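Number of protein chains: 2
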Amino acid sequence: MNAVPRKVAVIGLGIMGLPMAVNLLKAGHPVTGFNRSQGKIDQLVSAGGVGASGTAEAVKDADVIITMVPDSPDIEAVVSGPDGVFANARKGAYWVDCSTIRPDVSVQLAAAARKAGIKALDAPVSGGETGAIEGNLSIMVGGETADVEAVRPVLEAIGSTVVHVGPSGSGQTVKATNQLIVAGTIELLAEALVFLEAHSVDTQAAIKVLAGGLAGSRVLDRKAASMIARKFEPGFRVDLHHKDLGIVTAAAREAGVAIPLGAMAAQLMGAVRAQGHGSLDHSALMLLVERLSGRSAS
Amino acid sequence: MNAVPRKVAVIGLGIMGLPMAVNLLKAGHPVTGFNRSQGKIDQLVSAGGVGASGTAEAVKDADVIITMVPDSPDIEAVVSGPDGVFANARKGAYWVDCSTIRPDVSVQLAAAARKAGIKALDAPVSGGETGAIEGNLSIMVGGETADVEAVRPVLEAIGSTVVHVGPSGSGQTVKATNQLIVAGTIELLAEALVFLEAHSVDTQAAIKVLAGGLAGSRVLDRKAASMIARKFEPGFRVDLHHKDLGIVTAAAREAGVAIPLGAMAAQLMGAVRAQGHGSLDHSALMLLVERLSGRSAS
Chain A
1 MNAVPRKVAV
11 IGLGIMGLPM
21 AVNLLKAGHP
31 VTGFNRSQGK
41 IDQLVSAGGV
51 GASGTAEAVK
61 DADVIITMVP
71 DSPDIEAVVS
81 GPDGVFANAR
91 KGAYWVDCST
101 IRPDVSVQLA
111 AAARKAGIKA
121 LDAPVSGGET
131 GAIEGNLSIM
141 VGGETADVEA
151 VRPVLEAIGS
161 TVVHVGPSGS
171 GQTVKATNQL
181 IVAGTIELLA
191 EALVFLEAHS
201 VDTQAAIKVL
211 AGGLAGSRVL
221 DRKAASMIAR
231 KFEPGFRVDL
241 HHKDLGIVTA
251 AAREAGVAIP
261 LGAMAAQLMG
271 AVRAQGHGSL
281 DHSALMLLVE
291 RLSGRSAS
Chain B
1 MNAVPRKVAV
11 IGLGIMGLPM
21 AVNLLKAGHP
31 VTGFNRSQGK
41 IDQLVSAGGV
51 GASGTAEAVK
61 DADVIITMVP
71 DSPDIEAVVS
81 GPDGVFANAR
91 KGAYWVDCST
101 IRPDVSVQLA
111 AAARKAGIKA
121 LDAPVSGGET
131 GAIEGNLSIM
141 VGGETADVEA
151 VRPVLEAIGS
161 TVVHVGPSGS
171 GQTVKATNQL
181 IVAGTIELLA
191 EALVFLEAHS
201 VDTQAAIKVL
211 AGGLAGSRVL
221 DRKAASMIAR
231 KFEPGFRVDL
241 HHKDLGIVTA
251 AAREAGVAIP
261 LGAMAAQLMG
271 AVRAQGHGSL
281 DHSALMLLVE
291 RLSGRSAS
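Quick mapping for you: the protein sequence lines, in order, are chains A and B. Be aware that the first sequence starts at 1, since it is given in UniProt numbering, and climbs by one per residue. Be aware that the second sequence starts at 1, since it is given in UniProt numbering, and climbs by one per residue.
Some hints could be false.
Identical copies look the same in the list; a pair holds intra-copy or inter-copy alike.
[Claimed, not checked] Cross-link-like lysine to any residue pairs, in silico, SDA-like; alpha carbons within 20 Å at most:
#1 60 to 83
#2 91 to 74
#3 208 to 221
#4 115 to 147
In short, the hints are calculated from the structure, not lab data. This one's a predicted model, so the numbers in the text were calculated from it and none came from an experiment.
Could you build all of it, start to finish, from the sequences and the hints given here?
Have a look at this one:
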């Protein structure tokens with residue numbers, strides 16, 4: 001990587017944030033990080049980063065501040081208050097929120113950032129833990145064009161597809177559709193696999209031929225084998241996808257758009273969670289299809 | 001292609017069958033074809049094939065008989081009766097049905113073929129008109145292993161992915177899941193696109209970034225641009241996909257498998273058809289999402 005080094009702060013060193021921070025370090029950017037649990041900070045330090053005692057210390061000298069937290073209330077807590085990003089970042093710094101949150105909250109927070117003299121982008125990602133580790137996330141960016149281009153070299157250290165999709169909030173809107181499509185595609189694959197198993201078809205052979213035709217998808221490539229093996233370690237947890245589908249259905253309602261399959265997928269994800277599988281990978285939708293079909297082992 | 005030439009008969013020279021026959025000719029196999037409309041036979045002859053006056057004449061000297069017709073009753077008509085495949089094919093010939101029909105009918109017809117001394121395979125395809133023209137169809141084959149291997153060189157002239165998925169009928173079962181996944185994936189994409197348009201997001205940019213992440217699919221790659229442009233020329237007609245989804249839902253019922261998203265997709269495909277769009281491409285599901293969302297031009 002030949003990008004000009006930028007001082008980067010990363011707030012939220014979880015399943016996604018930590019490998020993203022590590023890839024920023026690998027690309028030559030100094031990274032200061034903060035996380036609520038010290039263990040993750042220690043892992044960042046082991047990788048060559050600097051640990052901070054709080055958000056304020058992490059962001060005070062940063063050129064680019066990346067936040068990666070689970071939900072809208074979490075990000076509001078990180079940016080607001082006396083220890084928050086807005087009160088402590090340099091004027092002119094870039095705040096890039098990679099969290100998946102409600103588009104309307106994203107728009108409000110970007111406006112608040114601008115009032116504090118901070119440039120704001122929403123930049124949620126797709127590609128999961130594997131994409132975060134491999135540095136080939138898809139990043140959907142909302143905000144001003146000049147700001148997107150200014151931080152592009154930094155984003156390209158963590159993602160292979162970095163696309164400016166519109167003004168503030170647009171990144172979150174596109175991420176919402178990503179989550180709609182992914183949930184629905186996993187559910188369709190789960191239904192297909194249970195159907196094939198019920199008909200005693202060779203599912204491995206079936207997957208190979210399905211992948212070669214119009215039914216092929218990244219979900220099929222990445223999830224089918226583990227679903228057949230009933231391995232549901234996350235990956236991306238049902239709890240988080242359930243949260244995201246709440247965003248999708250609310251945003252569709254607000255826009256007056258009917259999303260019959262997306263809404264059904266949201267219901268099914270909620271049902272998987274209600275059955276106690278919230279901490280499994282979202283491909284655990286298959287457990288629900290099995291249960292609905294009387295083919296559940298449990 | 002270096003395959004040993006086999007005398008091939010192709011019954012059904014439609015949107016799929018004709019380009020498949022042409023690719024067989026290109027691979028060096030002599031092809032005799034029959035179709036109800038003479039125009040298609042003339043096109044086959046122009047490409048170097050031989051036209052027949054009926055099924056009986058087409059199949060009488062063939063090593064391999066390929067049928068490609070729309071539905072279960074059509075194939076029953078082609079194979080049965082004094083002018084049909086079973087009464088006229090050589091003993092030991094291979095009958096390869098590339099039509100998409102009910103798995104149970106496929107099993108019955110294969111048994112009838114064996115009684116007539118004919119080796120039967122079900123070999124439905126995925127990849128659409130483009131795949132048929134380019135010779136890179138995905139072919140899901142049900143039947144005896146030895147029979148599959150015997151005709152594999154012929155199938156490889158029309159498809160790039162040829163997979164033996166199980167005994168007679170298995171090809172149709174896998175094709176049913178293919179059609180479930182494809183219909184659902186198109187509908188999810190349609191919902192996503194209408195959602196993005198309602199939020200005034202740059203759909204071209206959004207597609208680029210969605211394609212790079214876990215939401216990526218062959219449907220998105222092949223259909224998104226034409227859906228955004230509202231171009232719905234087939235391709236694969238709503239009428240045919242509606243027929244296929246009837247097969248899927250019936251087969252799921254028989255196996256006691258719940259397919260909530262597949263069943264919803266079947267309902268929506270039926271609704272698009274009921275609104276008079278049966279002859280459009282299946283991506284016309286988008287017209288229904290628009291109508292449900294009050295965003296229809298008409």
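Checked hints:
1. 60 to 83: The answer is within: 10 Å in one copy meets 20 Å, while 85 Å across copies does not.
2. 91 to 74: neither (23 Å within a copy, 73 Å between copies)
3. 208 to 221: Intra 9 Å, inter 19 Å, cutoff 20 Å: intra and inter.
4. 115 to 147: The answer is within: 16 Å in one copy meets 20 Å, while 73 Å across copies does not.
Comparing the model with each numbered hint stated earlier shows that hint 2 is the single one that does not hold.
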